[in-house]
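2 protein chains.
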Amino acid sequence: MADSAAAAKPTPLLKDELDIVIPTIRNLDFLEMWRPFFEPYHLIIVQDGDPSKTIKVPDGFDYELYNRNDINKILGPKASCISFKDSACRCFGYMVSKKKYIYTIDDDCFVAKDPSGKMINALQQHIKNLLCPSTPFFFNTLYDPYTEGADFVRGYPFSLREGVPTAVSHGLWLNIPDYDAPTQLVKPLERNQRYVDAVLTIPKGTLFPMCGMNLAFDRELIGPAMYFGLMGDGQPIGRYDDMWAGWCVKVICDHLGLGVKTGLPYIWHSKASNPFVNLRKEYKGIFWQEEIIPFFQAATLPKDCTTVQKCYIELSKQVKDKLSKVDPYFDKLADAMVTWIEAWDELNPPSGAASKVPNGKAK
Amino acid sequence: MADSAAAAKPTPLLKDELDIVIPTIRNLDFLEMWRPFFEPYHLIIVQDGDPSKTIKVPDGFDYELYNRNDINKILGPKASCISFKDSACRCFGYMVSKKKYIYTIDDDCFVAKDPSGKMINALQQHIKNLLCPSTPFFFNTLYDPYTEGADFVRGYPFSLREGVPTAVSHGLWLNIPDYDAPTQLVKPLERNQRYVDAVLTIPKGTLFPMCGMNLAFDRELIGPAMYFGLMGDGQPIGRYDDMWAGWCVKVICDHLGLGVKTGLPYIWHSKASNPFVNLRKEYKGIFWQEEIIPFFQAATLPKDCTTVQKCYIELSKQVKDKLSKVDPYFDKLADAMVTWIEAWDELNPPSGAASKVPNGKAK
Numbered sequence: 001m002a003d004s005a006a007a008a009k010p011t012p013l014l015k016d017e018l019d020i021v022i023p024t025i026r027n028l029d030f031l032e033m034w035r036p037f038f039e040p041y042h043l044i045i046v047q048d049g050d051p052s053k054t055i056k057v058p059d060g061f062d063y064e065l066y067n068r069n070d071i072n073k074i075l076g077p078k079a080s081c082i083s084f085k086d087s088a089c090r091c092f093g094y095m096v097s098k099k100k101y102i103y104t105i106d107d108d109c110f111v112a113k114d115p116s117g118k119m120i121n122a123l124q125q126h127i128k129n130l131l132c133p134s135t136p137f138f139f140n141t142l143y144d145p146y147t148e149g150a151d152f153v154r155g156y157p158f159s160l161r162e163g164v165p166t167a168v169s170h171g172l173w174l175n176i177p178d179y180d181a182p183t184q185l186v187k188p189l190e191r192n193q194r195y196v197d198a199v200l201t202i203p204k205g206t207l208f209p210m211c212g213m214n215l216a217f218d219r220e221l222i223g224p225a226m227y228f229g230l231m232g233d234g235q236p237i238g239r240y241d242d243m244w245a246g247w248c249v250k251v252i253c254d255h256l257g258l259g260v261k262t263g264l265p266y267i268w269h270s271k272a273s274n275p276f277v278n279l280r281k282e283y284k285g286i287f288w289q290e291e292i293i294p295f296f297q298a299a300t301l302p303k304d305c306t307t308v309q310k311c312y313i314e315l316s317k318q319v320k321d322k323l324s325k326v327d328p329y330f331d332k333l334a335d336a337m338v339t340w341i342e343a344w345d346e347l348n349p350p351s352g353a354a355s356k357v358p359n360g361k362a363k
Numbered sequence: 001m002a003d004s005a006a007a008a009k010p011t012p013l014l015k016d017e018l019d020i021v022i023p024t025i026r027n028l029d030f031l032e033m034w035r036p037f038f039e040p041y042h043l044i045i046v047q048d049g050d051p052s053k054t055i056k057v058p059d060g061f062d063y064e065l066y067n068r069n070d071i072n073k074i075l076g077p078k079a080s081c082i083s084f085k086d087s088a089c090r091c092f093g094y095m096v097s098k099k100k101y102i103y104t105i106d107d108d109c110f111v112a113k114d115p116s117g118k119m120i121n122a123l124q125q126h127i128k129n130l131l132c133p134s135t136p137f138f139f140n141t142l143y144d145p146y147t148e149g150a151d152f153v154r155g156y157p158f159s160l161r162e163g164v165p166t167a168v169s170h171g172l173w174l175n176i177p178d179y180d181a182p183t184q185l186v187k188p189l190e191r192n193q194r195y196v197d198a199v200l201t202i203p204k205g206t207l208f209p210m211c212g213m214n215l216a217f218d219r220e221l222i223g224p225a226m227y228f229g230l231m232g233d234g235q236p237i238g239r240y241d242d243m244w245a246g247w248c249v250k251v252i253c254d255h256l257g258l259g260v261k262t263g264l265p266y267i268w269h270s271k272a273s274n275p276f277v278n279l280r281k282e283y284k285g286i287f288w289q290e291e292i293i294p295f296f297q298a299a300t301l302p303k304d305c306t307t308v309q310k311c312y313i314e315l316s317k318q319v320k321d322k323l324s325k326v327d328p329y330f331d332k333l334a335d336a337m338v339t340w341i342e343a344w345d346e347l348n349p350p351s352g353a354a355s356k357v358p359n360g361k362a363k
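Sequence order for the protein chains is A and B.
Numbered by full-length UniProt numbering, the letters in the first sequence go through residues 1 to 363 in order.
Numbered by full-length UniProt numbering, the letters in the second sequence go through residues 1 to 363 in order.
Do not rely on the hints blindly, as some may be mistaken.
The list cannot tell twin chains apart, which means a pair is met if one copy fits it or any two copies do.
Claimed, not checked - In silico DSBU-like links for lysine-lysine, alpha-carbon gap of 35 Å or less:
hint : residue 1 : residue 2
1    : Lys15     : Lys187
2    : Lys9      : Lys187
3    : Lys118    : Lys332
4    : Lys9      : Lys113
5    : Lys56     : Lys303
6    : Lys9      : Lys53
Note that these hints are calculated values from the structure, not bench results.
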């Protein structure tokens, strides 16, 4: 592997530096299956439905649970920026965490096996991805040059081999692929059986569809941009929460010189959501994304946007200016983006006392 | 797989539409090993060394062989644009071919095996890559959406799912990776054992190090940009022939809306070239690429550059303007780029009689 202090060492657990955020747990098998890998970590569960229902968490897990009442109590009127009755509410967990890293996973995602039959420790691979640099400025044809047995190929500029810090690690899914409703309807039997043994940096200037099913990120580097928008109850769309976050995150990472990786690790996605329900949630998004994506592809941020918060506020202004004409929803969303940052900064004071507390020790 | 007429059919042989270009054959095992896959095709062998030496081609292969004397005779004074005593001379083969597709391979590349132990028909995979569209405008996280068992993931804009024509298919190498001399010196024992089962489009605006060891392209779409520059005898550098072509090709593909794919197929690269010899050839390139790559990253072509030839002539002017200050070599190279296009157009008259002859039938 290319010389990298992080890559050369065995992957650390980061037990005190990582929270696992889960949007509701509808089945107990989920945590039992992940027990060997998740038990050392603190879990933040954000319940998306009826607050009167109790989520049972098996013994042995260290967790905190938030339902809608808790969110309302903690954020007051600013709770309006957190989606209701939708897994997009998970981003509240990103906000209340005080750790450096977040891993988020859906409760229908189980442990996958690699081609040799070995159970994949997804979290370990995400940590590896986050601790190794990214290479967004030039493509390496042998994929992640920091992986064991790989390196930069002939013709890769030496000045770029140090890489940049990795902010996001986007993992993939075996079995049920993450398809939109039309594709689900057309190909109900398609399963992803291709194990692609690679991690790669998504190049600067290229957008990608970020899926929230199996996703890790560095909260210190990019946390305030991981807003999952307004979805579900009372909103005109769903299933675009992670996409929205992904577009914003990528534009801001490109601006700040941070890296986004995709590929390994795989999880086993056990069950396809109902394509008819999905179509109802998605159908406006299917039109809107044709205008939203060119908007994000063209978006540029001014030089004085030196923090994620400043970038995000600037993006919210551009959303209001340019996307409100697509639908009044974007006017509301742009306001929610500002509220989100205000709430984030309230819970995570950007300077003074908070910065004196080492990360992961503040709780 | 995503709907694509080409992908849905079994991969055609394209026997009458593809030439295999090989820069010198130093060992007969090479052709014997490839016999089951190469025998149906026409070979163009371009001898890089002493014209008085005879290359023995085993019985059963259909081939034409060019040595330096032939090149001089065919191109006259324009032969100055073809490198001497360097495998960069292979691009003469691209020029004399009349077929739609070219596959080029080095004589130290053998048939690789996939993880199941099956011999890989590299040419078949290249043909598949070239016949399926590319997706340079947005990243698909499940890699090539036109592959069997894959598709566009949720959030991929529907307006972009038709893709664009693929101009280049860049294959990879198991065993000896394509490293530069410094990396070879530092890691003499490293072998590439990672079989990554993926093909992907290199996004628009992203450059990559194109290796000429295992490379296929659509000559009609991009041929005139596949110039391997001035290397070897009498030139200050070597081992940058394919890199130079790759930078030019990618800028032109991005401008013309054509796709470049990388990944499968693998070949087995049998032997590392001498790192000391390589260092002597490369060392100026190691400095120069730090200025050349930003030059190509910033290069834009005007709208009236609607053909590969026009794009290439425009690039040659920009090379003269901006890179001559790096070294007088680039002044000479810019002139050779123009000569190359003149020679190409002489052998491939752009209109009239030639265009009436169906491709692959002209010889």
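Exercise for the section: Could you place lysine 9 and lysine 113 in one of the four classes (within, between, both, neither) given a Cα distance threshold of 35 Å? Expected result: Both ways: lysine 9 and lysine 113 sit 24 Å apart in one copy and 32 Å across, limit 35 Å.
Exercise for the section: Up to 35 Å between alpha-carbons, please classify lysine 9 paired with lysine 53: within, between, both or neither. Expected result: Cα proximity of lysine 9 and lysine 53: none, with 44 Å in one copy and 53 Å across.
Exercise for the section: First find the shortest C-alpha distance between lysine 9 and lysine 187 inside one copy, then the shortest across copies, and answer within, between, both or neither for a cut-off of 35 Å. Expected result: Between copies only: 18 Å across chains, 43 Å inside a chain, cut-off 35 Å.
Practice task
Using 35 Å as the alpha carbon limit, work out where lysine 15 and lysine 187 are close: within a copy, between copies, both or neither.
Solution key: Close across copies (34 Å), not inside one copy (40 Å); limit 35 Å.
Practice task
Check lysine 56 against lysine 303 for me: Cα-Cα at most 35 Å, and say if that holds within a copy, between copies, both or neither.
Solution key: Neither, since 48 Å and 63 Å both go past 35 Å.
Handout entry: Alpha-carbon proximity between lysine 118 and lysine 332, which holds within one copy, between copies, both or neither at 35 Å
Key = neither (47 Å within a copy, 57 Å between copies)
Checked against the numbered hints given earlier, the structure breaks hints 3, 5 and 6 and satisfies all the rest.
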